[in-house]
Amino acid sequence: MGNYVIRGGRVIDPAAGLDRPLDLVIEGGRLRALAEPGTVAPPDGFKVIDAAGLVVAPGFIDLHVHLREPGHEHKETIATGTGAAARGGFTTVCAMPNTDPPIDTPERVAFVYERAREAGVVRVLPIACVSRGQAGRELADLVELAAAGAFGFSDDGRPVHDSRLMRRALEYGLLTGRPVIDHCEEPALAEGASVNEGPVAGRLGLRGMPAAAEEIPVARNIALAELTGGWVHLAHLSTRGSVELVRAAKGRGVRVTAEVCPHHLTLTDRWLLGAEGNACPPVGAIPIPETLGPYDTRTKVNPPLRTWSDCLALIEAVRDGTIDVIATDHAPHHWLDKACEYGQAAFGISGLETAFGLLMSLVHAGLLDLPTLIARLTAGPGRILEQAGFQVPYTFRPGEPVDLVVLDPDATWEVRPEEFVSLGKNTPLEGVTLRGRVILTIFSGEVVFDGRQA
Amino acid sequence: MEVKTLSPGKPDAGSLLPDARVRRRHVLDLDDFTAEEVEYVLNTAARMKEILRRPIPRVAALRGRTVVNCFYEESTRTRISFELAAKALGADVVNMSAAGSSVAKGESLVDTVLTLQALGADFVIIRHPQSGAPYLVARHLRASVINAGDGWHAHPTQALLDLFTLKEHFGRVAGLKVVIVGDILHSRVARSNVWGLTKLGAEVVLCGPPTLLPRTLISAELWPPVTVEYDLDRALEGAHVVMPLRLQRERQQAGLLPSLREYIRLYQVNADRLRRAHPDAVVMHPGPMNEGVEISSDVAHGVRSLVEKQVTNGVAVRMALLYLLSGAVVEG
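Residue numbers (this note's numbering), protein chains in the order written: chain R, 2 to 455; chain W, 62 to 393.
Check the hints yourself; a few may be wrong.
Cβ pair distances, simulated, as ranges [stated by the list, open to error]:
id: 1; chain 1: W; residue 1: Pro271; chain 2: R; residue 2: Gln388; range: 55 to 61 angstroms
id: 2; chain 1: W; residue 1: Pro319; chain 2: R; residue 2: Pro102; range: 41 to 47 angstroms
id: 3; chain 1: R; residue 1: Asn279; chain 2: W; residue 2: Asp292; range: 35 to 41 angstroms
id: 4; chain 1: R; residue 1: His162; chain 2: W; residue 2: Lys370; range: 33 to 39 angstroms
id: 5; chain 1: W; residue 1: Ala179; chain 2: R; residue 2: Glu387; range: 56 to 62 angstroms
id: 6; chain 1: R; residue 1: Gly452; chain 2: W; residue 2: Pro271; range: 52 to 58 angstroms
id: 7; chain 1: W; residue 1: Val372; chain 2: R; residue 2: Pro102; range: 54 to 60 angstroms
id: 8; chain 1: W; residue 1: Gly299; chain 2: R; residue 2: Ala213; range: 51 to 57 angstroms
Just some of the chain R residues that point at chain W, by a computed CB distance under 7 angstroms [to be verified]:
id: 9; residue: Leu228
id: 10; residue: Ala347
id: 11; residue: Phe348
id: 12; residue: Phe391
If you want the ones that stay clear, here's a sample from chain R, every Cβ over 12 angstroms from chain W, calculated [to be verified]:
id: 13; residue: Arg11
id: 14; residue: Gly72
id: 15; residue: Ala111
id: 16; residue: Leu140
id: 17; residue: Gly203
id: 18; residue: Arg256
id: 19; residue: Arg271
id: 20; residue: Glu277
id: 21; residue: Pro288
id: 22; residue: Asp297
id: 23; residue: Thr413
id: 24; residue: Thr434
To be clear, the hints were calculated from the coordinates, so they are not data collected in a lab.
Given the structure is predicted, the values throughout are model-derived calculations rather than measurements.
All residues carry an ideal CB built from backbone N, CA and C; glycine is no exception.
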C-alpha cells in the first residue's frame, strides 16, 4: 500500500468544509494526517507529490456510467471504462444495468463485482434493473438485488413508462432503502426523435423531443414519490422546467434527488449546426469547434442538448443544491454506431475523461465556484451512496482509505479522443482546448492515474 | 482509411462565383449561398435553357464525367430531371435505387458512397429519407455531392428552380410576397425556399395548421426572416406567389389532422381564395400534386399555374449546377 506525502496543494473537501492549503500524509493507503503546510517532514520511503499551485480533493464519484460489460465489449469493458474513470479523476463509478444480458438477477450483480475485482481500476458499484429484463412489465427481485450489492434500480435507456410499475417500484423499494433511478422520458412525445425540439431541429429538419417529454415524467415521479414515501433519483435532467419541479418538490420534503451531466450544463443544441452555429450565439459555455460540421452524430445524446436558457437553469440548480450530483452518463460507442445518418446514430457521449475540463469552463466563466463544483462530484453523490448504505470515501477522514484527485484548474489541454483510455471515442469535443486538467488520481491509497508527464 | 475518423469536419462551403477563393464542391442546401452566388446560378441556368431550346439540346461540357443518381427514396421527376440535365451536358449517368441494391442487403450509406467513388463517380446526386444524409456523404467523398432532397431538411435544386421560374415570370424576386401553404414541418421544399427566397429579398409567409407549423419550429435568431400566419385568407392578402405543399395522407393517419375534409376547407388553394391575392398572382407546386386536396384542379391547371414551367426549368437549373461544380466559369 502506498506511502505518500502530498504537499503544498489547496485542499478542497466540501463535506469537511475545507478549502485551504494543507499537506496530506498517506500511509499504507490510509490518511494518516492532514497537516498545516510544511509542518510534517516526509518519513523515509514516502513518495512526495508536489501539489503547489494545484487543487487536492476527494476522488470524484460518478453515479451514472455505462461500462457495457457484459455483452457490448466492443464499446467498452469494465477494465477500459474504469481506466477512463481514473483518467477523469473518478474513484467510484456506478454502472448502469442495460448490458446484454441486463443486470436483473443477484448472480449478474455478483458478476459485475467479480469483473470489477479482476479488471477494475477504480471502485464499481452496480445498479440493477427495476423491471425484469428491463421490459417494463414486472418488478425485478429488488430485495435480493440489493442484498447482492446493487446501489439502486434503473431501467436507464428505457424510461419506466407504466406509472403503476413505477409506483410499485418506489413502494417495494422501501424495503431496500435504495433509490429508483429513472430516465425521464414520455415515449409518446419522444418517439423517433433525436434532438431537442426547437428552432435548431426546425432548421435541420430533425424530429425533436420537447422539454415537456422530460418534465411530464419528472412531475409524475415526484407525485409518486410523494404518494409512496419512496426514494426517486432523477437521472440526467436537462430542462429548466425539470429543475423547477425538483426545487418545488424538495421544498415540500419529497424524497427526490437529482443529477445533471456536464454536457447539459455547458453545450446547446446549436452544436448540431456545426461551427456555423457560432454565428448564432449563445452556443454554450465554450465555442463550437471549427472542425465540427452540421449533423455531427457525436452531438447526439439522450436527453438531447437543449438551450442556453436550460443550461443556466441547471447551473443555478447545481449552485443552490436542487441538483445534488453531477454525473457523466458516460456512454461509449463503437465508431460504427455513429458513422451513419443522424436519425440512425446511437445516443451518447463518452464523457468520463472530459468531465472535469468541460465543467471548469463554468468556473472560468464565473458561473460556478470551484468548491461547489467539487461538492457535486464528491459529497453530493457520496451522501446519496451513504443514504443507500454504501460507505464510499467522499471526504478526507484520518485513518480511512484515501481516494483523491489532484487537479490543475488552469492547465489547458486539447481533447484527443485517440488518447482516451475509454474505447468510446465519441465526443463532440474533439479538438477543443479545455482549461482544467486532472493531474493525478489515487484510489484506495494507490496511484491509478498519473498525468504529470503529459 | 478515411472513414475511420468520425469527424473530418464540415464540408467546405466555398462558392461557385468565378472569383471564389475556395471553389464550392457540394450543393447541400442554400443556407450557405450568398445572394450573388444564387443569382449567378440562375443566370447560368438561363444560358442552359438556351441550349435546351436547340434542335439537338446537347453539349460536351461534361463528356467523360460520370453522374450517379443515388436515390434512397422514390422519385420520378427529380431523378429524371437530373438525368436529362447530365445527359444534355454529355455526362454518363448511372442510376442507383435503394430497392434491389446493396442497400437492401444492409450496406451502410458510407460504404455505399465509397463504393460509388471507387467506381469513378464524379458527381453523386443523393436523395435520402434522413435529414442530413448528404452531409455525411459529402464528408466521405472526393466527388461533388448535390442534395436532391434529404428528409424534412432541404431540397436546394427545387428552391433554385422555383427562384428561376419566378425571376423568369416577374423579372425579379425581391419584393414579391410568397405564401407557402401546408405541411411546413415535414417539408424540405419549404425550408430551402425560405433560404432562397429571403436571400433574394422576397417576403415569405408560412401558413398551415399549428400541428404542421408548431410554434417551436422557428425563431428569429436561427431562421431567416419569415412570418407565420395560421389563417390562409389573411396570409393571401396581396400575395404574388402561392405555393401549396403536397399533403401526405399519412399526416392525417398520424393524428396531425382531424380529417382531410377539414384540411381542404381551411387550407386548400382554390380559385375562390385566390381572389384575395394580388391580381397578378401565380401558383407554384413542387409536385406531385394531390389535386382536390392542397390545390383545386382548376387552379392546378389554370392560367395562374407555373407548375409545368417549374418542371422544364428544373433541367436547366440542374445543368447549371453540374456545369459550375465541374469547375467551369460563365462569363458576363
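List, from low to high, the hint numbers that the structure doesn't satisfy. 1, 4, 8, 9, 10, 11, 12, 17, 19, 20 and 22
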